[in-house]
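Q: Below, each chain spelled out in residue letters.
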Amino acid sequence: MEQFAVKVFVRLRPSVLDPAGEATKSASIKLGAEGIKSLRIGKMIEVKIEGNGENEVREKIDLLCDRLFANTVIEDYEYSLEKL
Amino acid sequence: MDNFTVGIVVFPGSNCDRDVSWALEGCLDIRTKYLWHESSDLSDVDAIVLPGGFSYGDYLRCGAIARFSPLINALDEFVKSGKRVLGICNGFQILTESGFLPGALVANKNLNFICDDVELDIVSSKGGWFNNGDEKQTIKLPIAHGEGRYHCDSDTLKKLIDNELIALRYKNNPNGSSFDIAGITNEKGNVLGLMPHPERACDETIGGTDGLFTLKSLILK
Chain L
1 MEQFAVKVFV
11 RLRPSVLDPA
21 GEATKSASIK
31 LGAEGIKSLR
41 IGKMIEVKIE
51 GNGENEVREK
61 IDLLCDRLFA
71 NTVIEDYEYS
81 LEKL
Chain X
1 MDNFTVGIVV
11 FPGSNCDRDV
21 SWALEGCLDI
31 RTKYLWHESS
41 DLSDVDAIVL
51 PGGFSYGDYL
61 RCGAIARFSP
71 LINALDEFVK
81 SGKRVLGICN
91 GFQILTESGF
101 LPGALVANKN
111 LNFICDDVEL
121 DIVSSKGGWF
131 NNGDEKQTIK
141 LPIAHGEGRY
151 HCDSDTLKKL
161 IDNELIALRY
171 KNNPNGSSFD
181 IAGITNEKGN
191 VLGLMPHPER
201 ACDETIGGTD
211 GLFTLKSLIL
221 K
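Sequence order for the protein chains is L and X.
Position one of the first sequence corresponds to residue 1 (the numbering used here), numbered consecutively onward.
Position one of the second sequence corresponds to residue 1 (the numbering used here), numbered consecutively onward.
Just so you know, these hints were derived from the structure itself, not from any lab.
Take these hints with a grain of salt, some might be off.
Unchecked claim - Listing some non-contacts, in silico: residues in chain X with all C-beta distances to chain L over 12 Å:
#: 1; residue: S39
#: 2; residue: G63
#: 3; residue: R67
#: 4; residue: D76
#: 5; residue: E97
#: 6; residue: A104
#: 7; residue: L105
#: 8; residue: K109
#: 9; residue: N110
#: 10; residue: V118
#: 11; residue: R149
#: 12; residue: D153
#: 13; residue: I161
Unchecked claim - Computed from the model, here is a short list of chain L residues facing chain X with C-beta under 10 Å:
#: 14; residue: A23
#: 15; residue: A27
#: 16; residue: L39
#: 17; residue: K48
#: 18; residue: D66
#: 19; residue: R67
#: 20; residue: L68
#: 21; residue: F69
Positions of the beta carbon are idealized from the N, C-alpha and C atoms, including for glycine.
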């Protein structure tokens, strides 16, 4: 068995309004940061997982992302995978 | 209808379960039974209410973890058999997360937790959940949510409109919901999800009785 460290990024789809992102953008501007064109907030999920090779682990992570980590009606996901 | 029993699902964090029970038993004389979320035996209930609250702390997304409870797994067969399921607030969120109803519920546009009475237009009474007479009907129900903004893609919205699946629309959209949607049904009409709380509008002493009709319709076949 090999162990992998996976970082999953879940983001609201571009078509979905992100009011928390908008509020944070507004605060960033009040802080004096200039030039912010867009600010959107997502989630990052770190998973340590073992399996027989990268392909098997990717299958598991795909299932988790699709069924649990993200709601694909409103969110997109991507992930990076590193062998430990 | 003497033995008709409505199951009220209790998740860790449900907080409107007792309100629903009070409204059904005390105001409508309908028998209720609490169903712990780990139970999957639905054989002795005739209809089910998924009440409001915060199932599993609403971690990840509202309703996302509740969806994997044994009870929600058992709900599929219950719904297919044509029995009635009413999801209120967090219950509506669970019904969308688990795919019984289309779309999703996300953070209110203004990020506020909104606790207020709202006026609602009855758009469709598919499934007999609302009293929709000849004239356009408006009812007033309380809302109390932070994540009640209904969202769906344009194809889904068209399908909802074309198939008369939109049950309720806000008169003055409080949360930024697409198309002012406050409640929808499935195609068969036996599943209704709505953000407003009918169980909090079942007695004049607490401000109105516009929720009675919907709760009473749980006993429809």
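Q: Just double-check X/E97 for me: nearest Cβ-Cβ distance to chain L has to come out over 12 Å.
A: 7 Å, violated
Q: Using Cβ atoms and 12 Å as the threshold, tell me whether X/G63 really stays out of contact range of chain L.
A: 9 Å, violated
Q: In terms of Cβ atoms, is chain L entirely out of 12 Å range of X/A104?
A: Label violated. Min Cβ-Cβ 4 Å, cutoff 12 Å.
Q: Minimum Cβ separation between X/V118 and chain L greater than 12 Å?
A: Consistent with the label, X/V118 stays out of reach of chain L, its closest Cβ about 19 Å off (over 12 Å).
Q: Hint L/L39 vs chain X: min CB-CB distance below 10 Å?
A: Not OK, violated: L/L39 not within 10 Å of chain X, min 14 Å.
Q: Quick one, is the L/K48 hint okay against chain X at 10 Å, beta carbons?
A: With a closest approach of 18 Å, the L/K48 hint is violated.
Q: Is it correct that the beta-carbon of X/R67 has no partner in chain L closer than or equal to 12 Å?
A: 9 Å, violated
Q: Given L/D66 as an interface hint, is the shortest Cβ-Cβ distance to chain X below 10 Å?
A: Violated - the Cβ of L/D66 stays beyond 10 Å from chain X, reaching only about 12 Å at its closest.
Q: Over 12 Å to the closest beta carbon of chain L is the bar; see if X/D76 clears it.
A: Answer for X/D76: holds, closest chain L Cβ roughly 15 Å.
Q: Does the claim that X/K109 lies off the interface hold, with its Cβ farther than 12 Å from every Cβ of chain L?
A: 6 Å, violated
Q: Far enough from chain L: is every CB of that chain over 12 Å from the CB of X/N110?
A: The claim breaks: X/N110 does not keep its Cβ more than 12 Å from every Cβ of chain L (closest is about 7 Å).
Q: Against chain L, does X/R149 hold up as non-interface, every C-beta pair farther apart than 12 Å?
A: 8 Å, violated
Hints 2, 3, 5, 6, 7, 8, 9, 11, 12, 15, 16, 17 and 18, counting from the list given before, are not met by this structure.
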